[in-house]
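Undergrad: Sequence:
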Amino acid sequence: MTLKVIGAGFGRTGTLSTQRALEMLYEAPCYHMEVVLSRPSHLDAWHDFSVHGRPMDWQALLGGFAAAVDFPICNHFETLMGEFPDARVVLNTRDPEAWWRSLEAMISKMKWLRVARLFSSRARRFGRFIEVEVLQ
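Going by the working numbering, the residue at position 17 of the sequence shown is 17; the numbering climbs one at a time, nothing skipped.
Take these hints with a grain of salt, some might be off.
Claimed, not checked - Derived CB-CB ranges, DEER-like:
#1 118 - 95: 15 to 21 Å
#2 112 - 14: 22 to 28 Å
#3 41 - 2: 16 to 22 Å
#4 119 - 52: 20 to 26 Å
#5 102 - 51: 21 to 27 Å
#6 119 - 82: 36 to 42 Å
#7 26 - 97: 19 to 25 Å
#8 124 - 23: 29 to 35 Å
#9 28 - 111: 23 to 29 Å
Worth flagging that the hints you see were computed from the coordinates, not collected in a lab.
The beta carbon of each residue, even a glycine, is placed where N, CA and C say it ideally should be.
Could you build all of it, start to finish, from the sequences and the hints given here?
TA: Right under this line is the structure:
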């Protein structure tokens with residue numbers, strides 16, 4: 001399966017709803033930050049790419065997905081357009097102030113990560129990945 005839709009909108013702009021809609025439309029999975037969180041190999045690939053500048057095998061990473069939305073995909077939509085030239089691009093938007101409040105609320109819920117990073121290499125990798133892909 002090749003990627004049919006690339007999401008260019010930031011997280012917290014309705015990407016979870018968009019993910020669900022695209023999964024219903026294409027009857028296939030849609031890549032979302034949830035995938036990075038649930039698949040250690042994906043976190044490793046993103047960490048190596050984002051933090052260490054290693055090449056990303058986009059075809060391998062997104063193989064089996066009909067669409068991809070949310071962070072970190074949205075940060076690389078132009079690269080993905082070159083990799084998947086037949087894919088359509090969808091841009092989710094949101095009022096900037098409402099978006100910022102939503103992002104702040106999400107970040108405040110992740111305070112546990114500071115403590116987890118002291119004890120878990122996976123939490124350290126995730127934290128550094130988030131710093132690079134979401135917060136910079």
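Undergrad: Are the hints correct? Go through all of them and say.
TA: The hints, checked one at a time:
1. 118 - 95: 15 to 21 Å: Between residue 118 and residue 95, where Cβ atoms are some 37 Å apart, the hint is violated.
2. 112 - 14: 22 to 28 Å: Hint holds: Cβ distance 25 Å, inside 22 to 28 Å.
3. 41 - 2: 16 to 22 Å: 20 Å, holds
4. 119 - 52: 20 to 26 Å: Hint holds: Cβ distance 22 Å, inside 20 to 26 Å.
5. 102 - 51: 21 to 27 Å: 25 Å, holds
6. 119 - 82: 36 to 42 Å: Holds, since residue 119 and residue 82 (Cβ atoms, about 40 Å apart) stay within the stated range.
7. 26 - 97: 19 to 25 Å: 33 Å Cβ-Cβ, so the 19 to 25 Å window is violated.
8. 124 - 23: 29 to 35 Å: 31 Å, holds
9. 28 - 111: 23 to 29 Å: 35 Å, violated
Of the hints listed earlier, those the structure fails to meet are numbers 1, 7 and 9, in rising order.
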